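Each chain is listed here by its residues.
2 protein chains.
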Amino acid sequence: MHIDDLSRRIDFLREIDRLKSVIRQSPLLDASRKENSAEHSWHLAMYALVLADYATGAVDITRVMKMLLIHDIVEVDAGDMPIHGASNANQMDLEQQAAARIFGLLPDAANREFSQLWREFEAAESDEAQFAKALDRFQPLLVNVFTQGGTWSENHVRYEQVLERYGPTIQRGAPVLWELAHRWVASHFSVVDVTNAVT
Amino acid sequence: MHIDDLSRRIDFLREIDRLKSVIRQSPLLDASRKENSAEHSWHLAMYALVLADYATGAVDITRVMKMLLIHDIVEVDAGDMPIHGASNANQMDLEQQAAARIFGLLPDAANREFSQLWREFEAAESDEAQFAKALDRFQPLLVNVFTQGGTWSENHVRYEQVLERYGPTIQRGAPVLWELAHRWVASHFSVVDVTNAVT
Ligand SMILES: [Ca+2]
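Chains as they are written, first to last, in full-length UniProt numbering: chain L, 1 to 199; chain X, 1 to 199.
Mixed in with the good hints there might be a few duds.
Covered stretches of chain X (chain L as the covering partner; in silico rule of three or more C-beta atoms under 8 Å from a C-beta of chain L) [claimed, not checked]:
1. 7-18
2. 26-34
3. 42-50
4. 146-156
Not close to chain X: a few residues of chain L, all C-beta gaps over 12 Å, as computed [claimed, not checked]:
5. S7
6. E15
7. D80
8. A89
9. E95
10. A109
11. D127
12. H156
13. Y159
14. E160
15. E164
16. G167
17. L180
Hints were generated in silico from the structure; no laboratory data involved. As the structure is a computational prediction, the values presented were derived from the model and not from experiment. C-beta atoms are modelled at their ideal positions from N, C-alpha and C, and glycine is treated no differently.
Take these sequences, add in the hints, and give me the full structure.
Here is the structure:
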């Protein structure tokens with residue numbers, strides 16, 4: 001363990017502090033403010049630990065946790081891409097440059113491990129990546145349901161759009177979670193419809 | 001997997017959202033605001049991943065990450081106890097009640113696992129717990145060094161007090177990190193002294 005090894009690791013850990021200042025669209029559950037990507041990543045790692053039994057296939061939960069801890073680090077350079085925003089063709093390029101720069105702060109072996117975990121998450125092919133992706137969709141859905149619509153209300157997102165944007169990813173990685181989420185969503189939108197009809 | 005199992009897990013995940021509103025003494029590295037305990041826990045899990053080779057003994061890094069992800073959850077009820085604050089004799093009682101209530105939201109097996117991991121962290125006897133404790137001291141030390149003194153300046157903490165409050169815990173769990181930290185601290189306080197002498 002050369003001193004250069006340690007100082008590169010420290011540089012990386014200092015750099016990723018900036019993830020605490022990347023603001024997402026989703027609010028906290030008490031609606032006091034928007035969530036940032038660092039605390040979102042903590043919460044997702046907890047979702048993985050607590051909901052591991054609901055994954056499709058026998059996932060290696062350590063790899064799922066690692067993926068979720070690092071999945072948003074590219075946002076330090078590239079920013080958060082909102083699920084309901086206009087999609088940006090350059091976003092994938094930006095994120096790849098960000099991964100190269102930020103993981104590149106680390107010594108080679110660690111750089112390779114993190115880059116590969118991040119690419120695996122993005123590719124959404126392995127059981128671990130599909131479960132991680134499912135949780136990354138399930139958590140903001142839960143937040144919207146329990147904050148009277150959250151980003152759905154803000155962005156005038158309709159019932160069918162929610163099914164389309166969240167359903168396939170959650171269904172693939174964690175089907176029982178989608179059963180539950182689908183019921184929440186149906187109930188949420190029927191309440192909204194009734195409210196609209198009455199007022 | 002009974003429906004009651006899933007709904008208890010969801011209740012727990014909703015409850016711990018409140019950790020994002022527990023504010024610590026330490027600032028972010030850009031000094032824009034104070035850090036909260038959820039993003040702090042994310043950062044510590046990353047410290048564990050990135051600095052695993054510097055642990056005393058051959059630690060199981062998955063258990064270290066789990067410990068760090070849950071170590072502050074009791075603060076949802078008990079609040080954060082600042083390292084430089086007056087120590088509160090009731091704090092340990094409060095934290096034990098908090099652990100019983102919050103982990104008790106989970107199904108029995110998960111409650112037992114998390115409660116045991118949290119007690120292991122607090123006991124600071126296993127190699128994993130000692131490494132986790134070392135990181136939990138090293139991270140705020142790094143923040144203070146790179147924010148012109150941070151909570152040390154605010155609380156008029158002297159060089160000898162820093163050595164005493166951070167040294168033994170970091171030294172025990174990660175001796176090479178303490179070598180580095182000790183140099184940072186010595187350099188920080190000598191710069192402060194020189195500055196004081198000049199102005
Ligand atoms: Ca995400």
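Structure-based check of all given hints:
A stretch counts as covered by a chain when three or more of its residues have a beta carbon under 8 Å from one of that chain; for the stretch 7-18 of chain X and chain L the count is 8, and the coverage holds. Counting residues of the stretch 26-34 of chain X whose CB lies closer than 8 Å to any CB of chain L gives 4, so the stated coverage by that chain holds, three being the minimum. For the stretch 42-50 of chain X, the proposed coverage by chain L is satisfied: 7 residues have a C-beta within less than 8 Å of a C-beta in that chain, meeting the threshold of three. For the stretch 146-156 of chain X, the assignment as covered by chain L is violated, since 1 residues bring a beta-carbon within under 8 Å of that chain's beta-carbons and 3 are needed.
With 12 Å as the threshold on Cβ separation, the claim that L/S7 sits away from chain X is violated: the shortest Cβ distance comes to roughly 8 Å. Chain X draws L/E15 into its interface by the beta-carbon criterion, the shortest separation being 9 Å against a cut-off of 12 Å. For L/D80, the condition that its CB be more than 12 Å from all CB atoms of chain X holds, with the nearest at approximately 15 Å. No beta-carbon of chain X is positioned within 12 Å of the beta-carbon of L/A89; the least distance is around 30 Å.
At roughly 18 Å, the least C-beta separation between L/E95 and chain X is larger than 12 Å, which holds for a residue marked as non-interface. Against chain X, the non-interface label of L/A109 is violated: not every CB pair exceeds 12 Å, the least being about 10 Å. Against the 12 Å criterion, L/D127 stays outside the reach of chain X, whose nearest CB is about 18 Å from its own CB. Every CB of chain X is more than 12 Å from the CB of L/H156 (nearest about 25 Å), matching its label as outside the interface.
Distance check for L/Y159 against chain X: the nearest CB is about 21 Å away, which clears 12 Å, and the non-interface claim stands. Residue placement check: L/E160 keeps its beta carbon more than 12 Å from all beta carbons of chain X (closest about 25 Å). Listed as a non-interface residue, L/E164 keeps its Cβ farther than 12 Å from every Cβ of chain X; the least gap is roughly 23 Å. Its beta-carbon lying about 18 Å from the closest one in chain X, L/G167 satisfies the requirement of being farther than 12 Å from that chain.
In this structure L/L180 is not separated from chain X by more than 12 Å, as the shortest Cβ-Cβ distance comes to only about 6 Å.
Checked against the numbered hints given earlier, the structure breaks hints 4, 5, 6, 10 and 17 and satisfies all the rest.
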